[in-house]
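Visitor: Here is how the chains run, residue by residue.
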Amino acid sequence: MNKVFRLFFALLFCLALSGTQADASETIKIGVQAPTTGQYANEGQGIDQGVRLIAEQVNAKGGILGRQIEIFTCDDEGTAMKAAICAKDLVNKDVIAVIGSYTSTCAEAAQATYYREGILQTTDGTSDALTEHGYWTFFRNSFPNSAEATYTANYFINVKKYKKIAIVSDFSSYSTGLGDSVIGEIKKLGGNIVYQGKIKAGEQNYTPVLTNIKSTHPDVIYFSGYYNEAGLLRSQQMQLGVMADFYGSNACDNPDYIKLAGKYAEGSYLINVPSPELLPYDLAINFLKDYKAKYKMDPPSIWTLLNIDGMRAILHAIEETGTTDTKKLAEYLHTLKDYPGITGPIEWAPDGNRVGSAHQTYEYQADGSKKVIYPIVK
Amino acid sequence: MDIFFQQLVNGLTIGSIFALVALGYTMVYGIMKLINFAHGDLVAMASFVGLTVYDQFLGKTTNSILAVIIIFAVTGTIIAMAGIVLERVAYRPLRKAPRLSAVVSALGASLVIQNGIMLIWGPRMRFFPADILPAITWNIGGVYISFIQVVILVISLLIMVGLIFFIDKTRVGAAIRATSIDHDASRLMGIDVNGIITLIFVIGTFLGAVGGLFIGLYYRGINFNMGWNYGLYAFVAAIIGGIGNIPGAMVGGMLLGIFKAFIAGYVSSTWADAFTFTLLIAILVVKPTGIMGERVAEKV
Chain S
1 MNKVFRLFFA LLFCLALSGT QADASETIKI GVQAPTTGQY ANEGQGIDQG VRLIAEQVNA
61 KGGILGRQIE IFTCDDEGTA MKAAICAKDL VNKDVIAVIG SYTSTCAEAA QATYYREGIL
121 QTTDGTSDAL TEHGYWTFFR NSFPNSAEAT YTANYFINVK KYKKIAIVSD FSSYSTGLGD
181 SVIGEIKKLG GNIVYQGKIK AGEQNYTPVL TNIKSTHPDV IYFSGYYNEA GLLRSQQMQL
241 GVMADFYGSN ACDNPDYIKL AGKYAEGSYL INVPSPELLP YDLAINFLKD YKAKYKMDPP
301 SIWTLLNIDG MRAILHAIEE TGTTDTKKLA EYLHTLKDYP GITGPIEWAP DGNRVGSAHQ
361 TYEYQADGSK KVIYPIVK
Chain Y
1 MDIFFQQLVN GLTIGSIFAL VALGYTMVYG IMKLINFAHG DLVAMASFVG LTVYDQFLGK
61 TTNSILAVII IFAVTGTIIA MAGIVLERVA YRPLRKAPRL SAVVSALGAS LVIQNGIMLI
121 WGPRMRFFPA DILPAITWNI GGVYISFIQV VILVISLLIM VGLIFFIDKT RVGAAIRATS
181 IDHDASRLMG IDVNGIITLI FVIGTFLGAV GGLFIGLYYR GINFNMGWNY GLYAFVAAII
241 GGIGNIPGAM VGGMLLGIFK AFIAGYVSST WADAFTFTLL IAILVVKPTG IMGERVAEKV
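Each protein sequence line maps, in turn, to chains S and Y.
All residue numbers for the first sequence refer to the UniProt record's numbering, where the first residue is 1 and numbers rise by one.
All residue numbers for the second sequence refer to the UniProt record's numbering, where the first residue is 1 and numbers rise by one.
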């Protein structure tokens, strides 16, 4: 009986060996975890379409290391529960790397699974918590909230020289985190915060808070929340005669902001990473052209492009190291310096944070367009 | 001091809307002893219907005042009809049933209307155009009052005064008061009780529709699930004022608006809701019939 078992295992071993030998002809499997349905469907679909476009382009040129790229997409619907299921699903598909997800919540819910399985993950989530676990598999392709906070504080204190600053957040983890971060950075620079408070998202009447802010006579109101509340805050601010500049954070960057703020959108400001159409790189121009040619539309936002950069960096690493061993790929990615990305040079800190900050300040024009008034700071 | 008056104006504006919605609650309760939980969702529906009416028929009109009057008339009519349907379908078959059945039916109707709005208009926020009413703001000694705030305050007050006159001074009003005291005795006196109840639903939902349109015109962004929030506040307002009591609903709505504004302004907006419900509990403990509750006639 024992002999039979031995023979059986010996056979299995041979099969496994032949499997690894046949590797060269197999595909390189990449996962996409993105909310392709639900509240953030347009963002999730953008990421999926972008990744598939890149894979198609690489495959048309003969693939990488002589192997074709195969994409597996899992829809996490923007919820943590589905994200955890997606992580298991993609692990079972034997992917070596996962692009996504769009929200910090989903990226966080999935990242431990990828870490345990040694699968690389690159996401546009901005929450600082994502890099606090120290997972070697994790690479953020966007800029963390703390980078935006540093940029914002510097711009307010050193460039605009605001003397009285009012800061408003809502109760979401993104908004609270960013708001606290901005407050910390401003205090570090010796800035004077005359008001800090929170509003309840979804409550439409913000006049009591704004009336309080008015009594502190601020030069500027900074809101670190989402576009719906930003639009109402801006419109009610002006109706109350609070004559302060108004700045929104990256989640205020949405056409609905203009609809809610109405004519008061003009002359308000926004701090975000560059809009896709404003990226000054040839790579970006070409990618946007290809994307439009294939999908007959523009990518929904900069978040698509940031994820594409994560994908491109991983493919680049596979090509340079000549392997799909994720440990070696991660080591290589950490040594990248100024790798040309669509969204600017890419470099990763040991904790997986993207180094630098490509934030810009925009001013809304009367026609609803955005004009860059303070350029990229590296 | 201008801060104080500014908060007062803020509170009165939102309070007027609460009061308009609360009137629908209180009238239905007064006549049927039923909390119409679907009322808030009819208010939300009014915002969406109003926006559609504007988009479909009036988008190109230059006369904004005429446009607004037409929006109010058409939307009010449609929502009042929805109120009649609601009463026929969800409440009339249960009139002799235990009161809990009617409350469950009301909650079910609320969900049906909310999901109906989502199916028809979608789950995303929709927006009233910014230019329906002129965006004028007056500065009176540091207190800013916008045109839309004045419109909301004045129209709400006119409607409420008209309603009190109608209930207190007309024959139909007398019939409504009689029906609220005793259905059977009123029927014996020759009052068409079903007709009166239908009329109450028409008036109540029409007032709610006006409130819903004010929400759309004032805040512009409307959501399929916003009815629940406004319904809840209006319900609290009705209880504060003494449910079943029409002047009480108005006073309760205004007081709640001002109270919320002051708490949010002077304490913390985070705590506004907690204080609101503490106030509700306090009133229920100290004076269970509400501020103006003594005028409610008790059923014997």
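Keep in mind the hints are simulated off the structure, nothing from the lab.
Hints are supplied without guarantee of correctness; some may be wrong.
[Said to hold, decoys possible] Some chain Y residues near chain S, calculated using beta-carbon distances under 7 Å: (1) Ile3; (2) Ser101; (3) Phe127; (4) Gly221; (5) Ala261; (6) Thr278; (7) Ala282; (8) Val285; (9) Lys287.
Think of the CB as a built atom: it goes at the ideal place given N, C-alpha and C, for glycine as much as any other residue.
Visitor: Evaluate each hint against the coordinates.
Guide: Here is what the structure says about each hint:
1. Taking 7 Å as the C-beta contact cut-off toward chain S, the hint placing Ile3 (chain Y) at the interface holds, the least distance being around 5 Å.
2. The restraint placing Ser101 (chain Y) at the interface with chain S is violated, with a minimum CB-CB distance near 32 Å, outside the 7 Å limit.
3. A cut of 7 Å between beta carbons decides the hint on Phe127 (chain Y): the least distance to chain S is about 4 Å, and the hint holds.
4. Annotation: Gly221 (chain Y) was flagged as interfacial toward chain S, and the flag holds, the nearest CB pair being 5 Å apart, inside 7 Å.
5. Hint status for Ala261 (chain Y) relative to chain S: holds, with the closest Cβ pair at about 5 Å, below 7 Å.
6. Of the supplied interface hints, the one on Thr278 (chain Y) is violated, with its beta-carbon coming no nearer than about 17 Å to a beta-carbon of chain S, more than 7 Å.
7. Using the Cβ-Cβ criterion of 7 Å, the hint placing Ala282 (chain Y) at the interface with chain S is not satisfied: the shortest such distance is roughly 21 Å.
8. Annotation: Val285 (chain Y) was flagged as interfacial toward chain S, and the flag is violated, the nearest CB pair being 26 Å apart, outside 7 Å.
9. For the restraint placing Lys287 (chain Y) at the interface with chain S, the shortest Cβ-Cβ distance is roughly 27 Å, beyond the 7 Å limit, so the hint is violated.
Of the numbered hints given earlier, the model fails hints 2, 6, 7, 8, 9; all others are met.
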